[in-house]
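Engineer: When you get a sec, could you build the whole thing from the sequences and use the hints?
Using numbering that gives the first Met the number 0, you'd call the opening residue of the sequence shown number 0 and step up by one each time.
Quick caveat, the hints were computed from the structure, so don't treat them as lab data. Do not take every clue at face value.
What the hints assert, rightly or not - In the SDA-like style, the derived pairs of lysine to any residue whose C-alpha atoms are separated by at most 20 Å in a straight line are: (1) Lys223 <-> Met62; (2) Lys215 <-> Leu133; (3) Lys88 <-> His180; (4) Lys10 <-> Ser65; (5) Lys88 <-> Tyr61; (6) Lys215 <-> Gln227; (7) Lys2 <-> Ala13; (8) Lys2 <-> Phe64; (9) Lys3 <-> Leu19; (10) Lys2 <-> Met123; (11) Lys83 <-> Ser66; (12) Lys83 <-> Phe106; (13) Lys3 <-> Ser65; (14) Lys215 <-> Pro80.
The structure presented is a predicted model; accordingly, all values stated were derived computationally and were not measured.
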Amino acid sequence: MYKKEFMATLKQTAVILSFLLLIPIIHWVNEMRLSGGTSSLDTYMMNGGFLCFILLIVGFAYMMFSSEDKDDAQEYLKTLPISKTELLKIKILPRLSILLIPTLALFSWVALMPRVTVIEVVFMTIIPILLTILTALWLGFFLGLSDRRNPILIGSMTLLAAYPLFLGSGLMIRVSQYIRHQTQADIPVYLYALAHFVIIIIPVLITLYLLLPIYKSWDCTAGKVRSQAILKRLAIPSIAIVVLLATMFKG
Numbered sequence: 000m001y002k003k004e005f006m007a008t009l010k011q012t013a014v015i016l017s018f019l020l021l022i023p024i025i026h027w028v029n030e031m032r033l034s035g036g037t038s039s040l041d042t043y044m045m046n047g048g049f050l051c052f053i054l055l056i057v058g059f060a061y062m063m064f065s066s067e068d069k070d071d072a073q074e075y076l077k078t079l080p081i082s083k084t085e086l087l088k089i090k091i092l093p094r095l096s097i098l099l100i101p102t103l104a105l106f107s108w109v110a111l112m113p114r115v116t117v118i119e120v121v122f123m124t125i126i127p128i129l130l131t132i133l134t135a136l137w138l139g140f141f142l143g144l145s146d147r148r149n150p151i152l153i154g155s156m157t158l159l160a161a162y163p164l165f166l167g168s169g170l171m172i173r174v175s176q177y178i179r180h181q182t183q184a185d186i187p188v189y190l191y192a193l194a195h196f197v198i199i200i201i202p203v204l205i206t207l208y209l210l211l212p213i214y215k216s217w218d219c220t221a222g223k224v225r226s227q228a229i230l231k232r233l234a235i236p237s238i239a240i241v242v243l244l245a246t247m248f249k250g
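Structural biologist: Dropping the structure here:
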């Protein structure tokens, strides 16, 4: 089963990365339309590569059980002679192994930037990315075993998965700006990195913890019933993130 999942993941990777082939064409069209006023091709490729990385995370999470959906075999999975932990590993490990490759590439690229410390690279780039990947795959596992076509469930999980990389970083910037305004002093790098880590790790741990009871209650409950149970557990953190977003944009 590992080989089957790995091959399916490679096919999904190829489809998503094929988008990179369009970037030189997009750059050329913009160059023609804007008379050379666009960014360089390197900038286009860098932004397109990061977008593909995000699409890989989203695609892997959402399509984790696509083959079972196609064969209408989600409930059959629960009758297989393997434990829920083994199924979790079968679904997550192939996807995680592929996502670690661009993560390491990004780590190398950021680490080579001038005036960037190891603390900044690890705590403000790599850890948020890894937490986003793990949260997305964890939520994708539950999405696949519930109702993958429930827009509210998808929206809630997307908010929670995006928090470590995007929302948590935005919140930390606002916090640092507030402290700088009150104290007229910058936060030391190591304190900023530690505070950033705390701000992003706590919601991730809460999300993982909230879904543990559903993970432990391994039964043949219908997908729509399970999706309602998941939504009830994710309602409070999802609403908290929406309020946080509204506050950030309002300010």
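Engineer: Give a verdict on every hint.
Structural biologist: Taking the hints in turn, this is what the structure says about them:
{"no.": "1", "hint": "Lys223 <-> Met62", "result": "holds (18 Å)"}
{"no.": "2", "hint": "Lys215 <-> Leu133", "result": "holds (19 Å)"}
{"no.": "3", "hint": "Lys88 <-> His180", "result": "violated (47 Å)"}
{"no.": "4", "hint": "Lys10 <-> Ser65", "result": "holds (12 Å)"}
{"no.": "5", "hint": "Lys88 <-> Tyr61", "result": "holds (16 Å)"}
{"no.": "6", "hint": "Lys215 <-> Gln227", "result": "holds (16 Å)"}
{"no.": "7", "hint": "Lys2 <-> Ala13", "result": "holds (17 Å)"}
{"no.": "8", "hint": "Lys2 <-> Phe64", "result": "holds (15 Å)"}
{"no.": "9", "hint": "Lys3 <-> Leu19", "result": "violated (26 Å)"}
{"no.": "10", "hint": "Lys2 <-> Met123", "result": "violated (34 Å)"}
{"no.": "11", "hint": "Lys83 <-> Ser66", "result": "holds (18 Å)"}
{"no.": "12", "hint": "Lys83 <-> Phe106", "result": "violated (33 Å)"}
{"no.": "13", "hint": "Lys3 <-> Ser65", "result": "holds (13 Å)"}
{"no.": "14", "hint": "Lys215 <-> Pro80", "result": "holds (16 Å)"}
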